[in-house]
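Novice: Protein chains in written order, with this note's numbering: chain A, 1 to 256; chain B, 1 to 427; chain C, 1 to 191.
Rather than coming from a laboratory, the hints here were simulated on the basis of the structure.
Some hints could be false.
As the list claims (entries may be wrong) - Under the rule of at most 27 Å between Cα atoms (straight-line distance), these lysine-lysine pairs were calculated in the DSSO-like manner:
| hint | chain 1 | residue 1 | chain 2 | residue 2 |
| --- | --- | --- | --- | --- |
| 1 | A | K250 | B | K38 |
| 2 | A | K86 | A | K68 |
| 3 | A | K86 | C | K187 |
| 4 | C | K189 | A | K86 |
| 5 | A | K143 | A | K227 |
| 6 | C | K28 | A | K250 |
| 7 | C | K95 | C | K28 |
| 8 | A | K250 | B | K29 |
| 9 | A | K227 | A | K33 |
| 10 | C | K189 | C | K82 |
| 11 | C | K116 | C | K189 |
| 12 | B | K10 | C | K28 |
| 13 | C | K187 | C | K82 |
| 14 | A | K227 | A | K68 |
| 15 | A | K86 | C | K82 |
| 16 | B | K38 | C | K28 |
| 17 | C | K187 | C | K95 |
| 18 | C | K189 | C | K67 |
| 19 | C | K116 | C | K82 |
| 20 | C | K28 | C | K67 |
| 21 | C | K187 | C | K67 |
| 22 | C | K82 | C | K67 |
| 23 | A | K68 | A | K143 |
| 24 | C | K140 | C | K189 |
| 25 | C | K95 | C | K67 |
| 26 | C | K95 | B | K29 |
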Amino acid sequence: MRLALLALGAFLALPALVPTARAQVMDPEPLPKMRWSFDGPFGTFDRAAEQRGLQVWQEVCSNCHSMKEAYYRNLTGIGLSADQVKAFAAGITITGGATDDSGQPIDRPALPADHFRTPFANEKAARAANNGALPPDHSLIEKAREGGATYIAALLEGYRDPPAGMKMGDGMNYNIAFEGRQIAMAQPLHDGQVTYSDGTPATVEQMSRDVATFLTYMANPEMEQRKRMGVRIVLFLAGMTVVTYAVKRKIWSDVH
Amino acid sequence: MAGLHQSDFKNPVLNWFDSRMPILTMMQKEYGTFPTPKNFNYFWNFGALAMINLVIMIATGIFLAMNYTAHTSMAFDSVERIMRDVNYGWLLRYVHANGASMFFIVTYIHIFRALYYGSYKAPRELLFMLGVVILLLMMATAFMGYVLPWGQMSYWGATVITNLFSAIPVVGESIVTWLWGGFSVDNPTLNRFFSLHYLLPFMITGVVFLHIVALHITGSNNPLGIDVKTPQDTIPFHPYYTIKDSVGICVFLLVFAIVVFFAPNYMGHPDNYIPANPLSTPAEIVPEWYFLPFYAILRSVPSKLGGVSLMFGAIAVLFVLPWLDTSPVRSARFRPIYRQLIWVLVLALFVLGFVGAHRPEGIWVVLGRVATAYYFLHFLVLLPLLGKIEKPLPLPESISSPVLPRGPGGGGGPMPHGATAKPMEKI
Amino acid sequence: MSITSSDAIPLAPGHAGDATTTKRDFLKLVAAAGAAIGVGAIVWPLVDSMNPAGDVLALSSVDVDLKSITEGMGITTVWRGKPIFVRHRTADEIKTVEAVPLNQLIEPASDQSRIKDGHAQWIILIGICTHLGCIPLGNKPTDPRGEWGGWFCPCHGSQYDVSGRVRHGPAPANLALPPYAFESDTKIKIG
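Only chain A is shown next, with the shape it has when bound in the complex (with noise of 0.2 Å):
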């Protein structure tokens, strides 16, 4: 170990020696500590925080941004019962679905068996209405970004001014936790953007929070389950291994 704690201490020095290449400008803020129901291993969902960050999702994100994994039958896992999940897909119209009898495509109201409604036909009418960007599909937004819900949360609260000289881009907006501080998203959530019908008052960090909740879920619908059995399956093999090992221990103890 001697030798090897020598080259431990000669690869730690090496540091020192060179000099650091690269000047680290405009890197996005290190993301602030939030807390969330669903962390650790016996986290849940907060149902309430779901259903609020739904009707932000639906009423801001879903204009430009699709879910293309989810269905609306989904719904049902963050407490919207069968009926409630068919009005809410009632109330939207998804386009392209069906067709008449003649076989052109008709507009009807989604079914909890459909996909959440996409707002581009395509990628190229998606670009065009966005200023050139591409709004990324949310379905798995929270595992595809580095910090999960806390991103989404604290991009969305990530809006200021640009810097004092800062060069912004033609339609890019000031974002501190966004990799190169420019986003072409303008920002969505204003306080006072939607009105919840559990009275909760919508501030930007409360909508921010609820849509981040609401994403975690659309991202690991099993999660709950998934801890659940967990827990249940830990315990069963710790237990297992303490059986086996006094068994061991039995058997062996002729061994010398």
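Assemble the complex: chain A is given as a structure, and chains B and C must be docked to it using the hints.
Specialist: This is chains B and C only, laid out in the frame that chain A set:
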């Protein structure tokens, strides 16, 4: 010679079966009464753990394949359908994805065990080389499996790794086109990778079988690295090592379960939850953690062919390791200098792992080069020299009497003849 | 391997006393039972993954518009991947099937029990022959409809009447009825 096998089984049904096909007798001999050194420590669990892991991977893989679609337009969505709609699909996929990582953890520890206790030395050279073949097959399988979800990392990982072959002079480009079945990584590539990803585990199973055959000819090495001399040195595999392996299996499954149920994406990369986009490379592309040291070796040389050769050389050197190490003593316990160097090697590999995870600039380049240099220095220079200059500590007389000058009793143990100690051949 | 363990392997020397043996056996039993439970718990998710998935179960109802089906005509639609026969029966056909004495049938069932009250002109059936799963002919006017004017299975010659009841073997049972309801006089919802 034809004729029924004389089976010792008392149960008439088992006896009838065993007389006609004596696999029960064989299992009894190889896993029941098989004389095994009695001084294994828990490092000797890892072969069995790797075996269990292989079974888990094949079982979950078969059921995943029932729901997976190997087509660029559907692969990503079909994986998401598995995660959301297939009953327990999320469990199958998380077990399979994290199972790959567990497989490499277990296998790397298994290899460390072999290096530390000199399990690669005569007469176990072939056994060790078969193990390296398994490692290579595992790497190919893991790489192709990672392509299947068709996320950003899948796509760009496939692009970068297949492009390694373009470093081969003259025919490189043609080989890459042949691998792709086109002019970029695309649907033909995905489809063949799926086919091969399904095939290779069964080839691994075959080589594992050969690995075990070779093991049961030479018998296992042990922490002292000395040969079995008397029957007192051994105990039957069952129940002693079946139960000891079971303890290890429980702990292994416990760790596995904690990862799968509470941190299933910890070892993955967020970018692979973004569908593949052939027109946009992610800002940082890194392979799965178990390839990072090799990836770092690849990048430590500023020459395409040089980097690729070095990376493959890092594995190739293991094939000749039994002949590079000139010391007649197996276990590092009795090799004062080697015992230090093996930890330096481990450290170098960890450093390479961290280097592989960072952009090759500044300090990381230097660290990568130093660690790469040590890796090859260790195997190609230090090990051959060490056999000549190192003074090994005195070896114990036998396994059953490690402290006494002379062991009780004499005569050959139940081990096959080939297990007798022999000085290593010099190169 | 456990088969071979108990009788064939001699234990190492120095067998412990009775009390320890009992304790060891009990521990072994617990360990073995735990292992059995563990293997079962591992196998079940694998087996269950082959059952219908969420998206398959979600697509479970279809609407059929009856307006365009004229008297004597039938159409075939699809529900859960199975053909569904929807037939508009004539008054004569209804009279004939209602008059059949039940003791003449292979699987006795009244026509009344196979339709919805007040909608005797509509028969809705799962169009799969109860013999070996072929699709019987008879929806198109040009199809053979068999001796009883209903459906004729081309595979092995089974024949059904306009109530979908089997009248001639080898099929053992009447055509099955899907769950459905009339949403209006001209529209049904299957499933």
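Novice: Starting from the hint list further up, note which numbers the structure goes against and sort them upward.
Specialist: The structure conflicts with hints 7, 20, 26, although it agrees with all the remaining ones.
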